[in-house]
Amino acid sequence: MRNKASARRLAQRLNPYSAWIVLLVLVAYGAFGVRNFLSQMNLSAILYQYSIIGLLALGQFLVILTAGIDLSQGSVVALTSITAALVMTRYNVWLGIACGLLLATSMGAISGLLVSRTSMPPFLVTLGMMGVARGLAMQIANARPVPVYNDSFIAFGSSSLLGIPVSTYIWVGVALLCLFFLTRRPLGRYVYAVGSSEENCRLSGIKVPSVKLTVYVLSALLTAVGGVIWTSRLGSGSPVGGVNYELESIAAVVVGGGSLFGGKGRIDGVMAGVLIFGLINSILNLSGISPFWQGMIKGLIVLLAVALSQLRTRGGDKEEGEPANA
Amino acid sequence: MLKLTYLQQWKVRSKTDNQRILTTLIILVALFAIAAILSRGVFLKPSNLLNLVFQNAILGVVSLGQFLVIITAGIDLSVGSLVGLSTVLLMVFQFAGLAGALVMTLVVPLVLGLINGFFVSLRRLPAFVVTLAMMLFAYSLAQVISGGAGVYSGLNGAPLSPALVAFNKQVIFGIPYPAIVWIAALLGVSLYLRLSLGHFTYAVGGNELAAFLSGIPVVTVRLLAYILSALYASIGGILAVARVGEGHPASGQPYLLDSIAAVTIGGANLAGGEGSVIGTLMGVIILGTINNIMNLLNISPMMQPAVKGIVILLAVYINSRKKRG
Chain G
22 MRNKASARRL
32 AQRLNPYSAW
42 IVLLVLVAYG
52 AFGVRNFLSQ
62 MNLSAILYQY
72 SIIGLLALGQ
82 FLVILTAGID
92 LSQGSVVALT
102 SITAALVMTR
112 YNVWLGIACG
122 LLLATSMGAI
132 SGLLVSRTSM
142 PPFLVTLGMM
152 GVARGLAMQI
162 ANARPVPVYN
172 DSFIAFGSSS
182 LLGIPVSTYI
192 WVGVALLCLF
202 FLTRRPLGRY
212 VYAVGSSEEN
222 CRLSGIKVPS
232 VKLTVYVLSA
242 LLTAVGGVIW
252 TSRLGSGSPV
262 GGVNYELESI
272 AAVVVGGGSL
282 FGGKGRIDGV
292 MAGVLIFGLI
302 NSILNLSGIS
312 PFWQGMIKGL
322 IVLLAVALSQ
332 LRTRGGDKEE
342 GEPANA
Chain U
3 MLKLTYLQQW
13 KVRSKTDNQR
23 ILTTLIILVA
33 LFAIAAILSR
43 GVFLKPSNLL
53 NLVFQNAILG
63 VVSLGQFLVI
73 ITAGIDLSVG
83 SLVGLSTVLL
93 MVFQFAGLAG
103 ALVMTLVVPL
113 VLGLINGFFV
123 SLRRLPAFVV
133 TLAMMLFAYS
143 LAQVISGGAG
153 VYSGLNGAPL
163 SPALVAFNKQ
173 VIFGIPYPAI
183 VWIAALLGVS
193 LYLRLSLGHF
203 TYAVGGNELA
213 AFLSGIPVVT
223 VRLLAYILSA
233 LYASIGGILA
243 VARVGEGHPA
253 SGQPYLLDSI
263 AAVTIGGANL
273 AGGEGSVIGT
283 LMGVIILGTI
293 NNIMNLLNIS
303 PMMQPAVKGI
313 VILLAVYINS
323 RKKRG
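From first to last, the protein sequence lines are chains G and U. To convert, count from 1 in the first sequence and add 21; that's the numbering used here. To convert, count from 1 in the second sequence and add 2; that's the numbering used here.
Keep in mind the hints are simulated off the structure, nothing from the lab. Quick caveat: nothing in here was measured; it's all calculated off a predicted structure. Hints may contain errors.
Derived list of chain G stretches under chain U, where covered just means 3 residues or more per stretch with a C-beta under 8 Å from a C-beta of chain U [said to hold, decoys possible]:
(1) 133-145
(2) 159-171
(3) 269-278
(4) 320-329
For each residue, glycine too, the CB sits at the ideal point set by N, CA and C.
The shape of chain U in the complex, shown without the other chains:
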């Protein structure tokens, strides 16, 4: 049997990744074309495109964390609950001033992400179940803190910091702030994957035993993926508060399945080791475009889950055909 060195494996893998990125790009361009035609050009207006980026910044950031976990052959079912928990925490912590609130909001999910990572990487429990338990736990924690309802002010009645309220309306060079956070998150993950530790993420997901035998710190790499996923979910929660000015335990629910869908539409393999940051970005935009088109075309909200389901099936079908080629 032909044995590949780690470097060779990586080259082969990146080739299929490149193919997938191309396929995803074609799907994206096709969707844009369909959207432009169906909406008679309204879709391509800069205001609508900006809106697209603006509306999907939260999903974009959350998906990046999900992406890191998925390439380690794991899955993070707790991201939705962590987004919800972060929105609640950010509101409750308003008494500490903006900076204090932000720091404290990031710390709690980080600890929960660490717990996820601990059980998955050190105790070797299945990621699906560990993060399912965390999903229940974090949602329940958010409910206990918020009393199950929306939170509109800090513990001492402090209102939401005006800086955060204004955050959504500000732009640099025409780019809205949430989009800038998204871009920063994209750069962060790309950079992480180029660092020596992050670089190993693919190896761990591709073939854990080989990675372990090559001296790659498998446990640390896994642990970091779950911590980063929680961190990104938390940033997503902060963006959500800036957008709606409310903390709610259930506000993160849609991001769980959407983030997994975005990552896989972007060409990542749930079995690990395959996927790309740029693909994930396109996956998010594809999902966002579908939502955008459905609203532009006045498709009833009742049919929207079905349309989305069919598009997910199509995108995954197109991308999966290349897998064993």
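If we strip away everything but chain G, and leave its shape as in the complex, we get:
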């Protein structure tokens, strides 16, 4: 009996770090079981690719904290990349980046306004915006990729500092900003509060609509930053790119301990969630597992990670409205 209780206490204490534990296990497995896993080239390849998903996941996390969801991220990546590439080739790099960020942010503002001022569910609003952004990107680009000829912009995407990609610094920097926002700013605290109980927030005088608007705008902005880096890595703007990126970012948030019902999760967990997917991908590829099989393995891991994270909510605070037989 006592053993069980102390095991539960230990599990509870480790709870917030379950994503990091999974990550550690993966690192250990990669280091000892997979050749070339710890090579500089492999690690930076993971970081190059997953810093972008990481930026998306931070935005997604903010939205998911308010019990929303942003399905438009993949399309917004494409829209940003096309806009930036087109303006860049005609005018200059900075204007291109600014236009990309601006257009993406305004898409986020539309989603945010629709979610906060009407009673439309976020899932459908962002599903609609996913179509709108994709169509817009295709139309602007005439369904063709737009090559970028600016060497310094292209070099930026694959540049590194002290052996770590610059995009990773950006990701970590943005994550720290998000952490500061969520823990030290009133508006950031409201983001958690809105996700926990919208009704209580409204009754406490928190302006729920503006909190919601903020998270959708921020999600689009972070997605756009990811989109700019993505463009620079690719060396061109692509209207068909970024498909299913939103699913990767959602999965990373959930594996990292976020709850789709809002109000739960931490920035570091989300970052661990992103890295977990990066490591899984890398391990599967380095082990020479056919891409056809990889989906099955990833599916199982997603399921396992969520089962693990659910275990802790059940061991800890019991959620309200949960039937007794659960």
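Given the coordinates of chain G, assemble chain U onto it according to the supplied hints.
Relative to the frame of chain G, chain U by itself:
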């Protein structure tokens, strides 16, 4: 606080459902009118209308399964992959003869649906994530079986059964066979929702705790919704093979988001407990009509996702205004 009995709740709910059905019908009629005017009457020609039904039978069937899951306050992201997997399985199983192939094709997705249902209803994991994992899993399984490419014959090289090839061209009283499958599926779901177990689906989605405390077998109802969703996705896959004569892992991709869009355009609430079969039917036809109009008007395929997105936003906006009225 006023406490409603289960029956009273159901009556109140069905009233808002009725309102939604009416709104959806108005949207549908308006779209038909726009289509008729824009296409100078071509849209309303029987051949075009038949085409509309014919083209949307697969989405229609898949959406019905999605609908059942959505009214339990869940979501099934695996339907697209399951359609693709079923097309691959049906082709691969051709060696077993038509009947054998059909049975085996239905069994695999049923098992996968059972797994979805197990994790969602018994283990209480979020439906979004469980079915996302299943989406990855089923797609990957289909790729492994097919080698990632289209499949045109059975394991022993047996060609697609001629009966299935002819299936699409046959009609009864002028109604094409795929449409008849769709109608049968509609009747099946309507009937299921009138059975005692199916009837509880709304209660489970509306207020799970209340349903549980009223002695409703919450777990079983949920489980059945996911199994039926997989079954319908599988039937959709069979229809897809009859239509294109090929099995391909990616062939089901469009049905995921379209089925969710159709169900919600039809007035269902993603938070569960609200929605109707007839609304889902109209949702599918609305989506189909939009596609049809865009093709009739030669709108470039590049703009089509944007137009569709805007129509989804509009339809959902109109339907959501009634919610808190």
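Evaluation of the provided hints:
| no. | hint | in the structure |
| --- | --- | --- |
| 1 | 133-145 | holds (count 7) |
| 2 | 159-171 | holds (count 4) |
| 3 | 269-278 | holds (count 3) |
| 4 | 320-329 | holds (count 6) |
In this structure, none of the earlier numbered hints is contradicted; all agree with it.
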